[in-house]
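*Asks:* With chain L's structure known, arrange chain X with the ligands on it following the hints.
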Amino acid sequence: MTKSSEPELVIRAKGLRKTYGDFVAVAGIDFEVKRGEAFGLLGPNGAGKSTTMRMITSTLQRTEGELTILGKDPDKFGPEIRAHLGVVPQQDNLDRQLTVWENILVYGRYFGLSRKFLKNKIEELLAFAQLEEKRNVKSEELSGGMKRRLTIARGLVNEPEILLLDEPTTGLDPQARHVLWDRLFRLKELGVTLVLTTHYMDEAEQLCDRLIVMDKGQIMAEGSPAQLIKDYSSKEVLEVRFGSAGNSNAAKKLQKVGDRIEVLPDRILIYSSNGEKVLEQLTKMGLKPVTSLVRRSSLEDVFLRLTGRTLVD
Amino acid sequence: MSFINAAITLAERRSGKFGSSIFAGRPGTVAERNLRTLRSSSGLTFAAGFVEPVLFLIAFGYGVGGMVGTITDHGKTISYAAYIMPALLATSAMNGAIFDSTWNVYFKMQFAKLYQGMLATSLGTLDVALGEIGWAMFRGFVYAIGFVTVVGALGLLPSFGGALLAIAAAGIVAFAFASIGMGITSYVKSFQQLDMVTFLLLPMFLFSGTLFPLSIFPEWAQVLINALPLRQAIDLVRDCMNLNLSWSLLGHVSYFAVMIIGGLFFTTRRLTALFLR
Ligand SMILES: Nc1ncnc2c1ncn2[C@@H]1O[C@H](COP(=O)(O)OP(=O)(O)OP(=O)(O)O)[C@@H](O)[C@H]1O
Ligand SMILES: [Mg+2]
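Quick mapping for you: the protein sequence lines, in order, are chains L and X. Positions in the first sequence are counted from 1; adding 999 to them yields our numbering. Positions in the second sequence are counted from 1; adding 3 to them yields our numbering.
The set of hints was computed from the structure by calculation and includes no laboratory data.
Capping the alpha-carbon separation at 25 Å, the derived lysine-lysine pairs in PhoX-like fashion look like this:
1) X:K111 x L:K1133
2) L:K1137 x L:K1120
3) L:K1276 x L:K1229
4) X:K111 x X:K192
5) L:K1033 x L:K1071
6) L:K1071 x X:K20
7) X:K116 x L:K1137
8) L:K1283 x L:K1252
9) L:K1075 x X:K116
10) L:K1287 x L:K1276
11) X:K20 x L:K1075
12) X:K116 x L:K1133
13) L:K1229 x L:K1215
14) L:K1137 x X:K111
15) L:K1276 x L:K1251
16) L:K1215 x L:K1013
17) L:K1255 x L:K1287
Next comes chain L alone, as it looks inside the complex:
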């Protein structure tokens, strides 16, 4: 493919906008995804993540702005672009009338893949999704997590160059989640570009090289997880609880403590470079939290700061 030393841009959005009537779902955003990168979209419910994803998968037309996928306009080259993509939508849309095995087969046939190729490919994907024993079961008879796994496996059938995953691990048990992470790492090693949305900050930290935080259709911040933590949070966080009645009272006294505080319904977060020191300070002030915990700052704190919301799932 391209030989330049600059990594190729596989997705480029400029002023990308989507409106439904008067409602602005995506408000003109700019971002770029390089080949081989793992790119994340974070944001609270309704931020516009899925809308953005669907515009990239060329199943939703943008209202305004530029968008190129592999150098092509998705509005004009839909089928051609989609041949390069693996799509895992937020909501499973499996073929309920077909079995697990047939679901992957038929999906591969839509891409024009030969039955011979698919026969081996399906075995590999069934093993990955740990659905070998369910191969002859109708997809509607699967459990929620199994359906999710099948949707992911199905999205890999054409050996995509860009894999788009909209909340891939929602509904998966921890074991299945780790299997998926492992698989995604391997695909990344092979040079597959990953674009994913998630509500799990640990997942975003683990998987994403770079991410954007969206809210109300706009990009609030962009960078690597480490960079974002550095830019938008302090080094450490002290979490204290004063019981549901005591929290707001204590919060008033804590205004000058640390760099910044965040009052949540059940606890107070105090951001500073040294959590232990802040805790000592509290004791001196005569405040006695029911529980206290010092931890490193995480992406969750960045999210909280940028969107003013706790994680909504």
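*Replies:* Frame of chain L, contents of chain X with the ligands only:
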């Protein structure tokens, strides 16, 4: 790693060709999917639509035919059963095509979210439209062949050649009804509306010269009825069955060509509007 895989090679081959934004050249894979569901579904629903015209043929052909005796249409005198037989063949083809392109398509579109899945692959909207319409046509065609087989067993076929030609005509009829059926269904918003569509088929069936000649109607009503698709279908199939070949057949064929193209056009457009916008 290079990403030139089979799916991409296929897609690139069509790149830049006319219609490549809506057509990948694989409607067959959509039909293939339907064939798989047929294997696991009950044959009963499939058979039901086929049995109906056969029952009509027996009940009316022999029941009513016993009282009516012969019938004269376009100057020819034939037995009543032989008169209604080609009309019921056309109806049979229509039933198969319409059933699939209305109720089944509506279910797939609104509840099964099937087309979303298909259109996330490298298929285009015209692939989906052609695949589904082709499948509905196939169903109508199978009904037609089944019906002709029954008619043959009853000894009602005028000639073998006529039967073959009539089956071919039934294929065109099925294609046209499948196409228009899916076109309409893709715009339908509720089961009630869909019910209306299928309800309209009954009067069309009763008054299109199926069970009695049009000549009993006043002139203006005849003109109106002649414009109906089932009337056109009956004329075409009847003339083919009786080897009554003339240029007027081309008129019917053009009528169906318009139905086919119109149905495909609106289906494709609507699929784009619903699932790619
Ligand atoms: N078809 C539609 N018509 C009107 N509004 C829509 C439509 N689809 C989405 N929206 C609106 O666009 C906004 C963004 O939706 P989107 O699905 O992109 O959010 P999201 O970030 O994926 O949220 P979640 O985390 O809940 O999946 C929401 O306010 C939603 O109500
Ligand atoms: Mg979403």
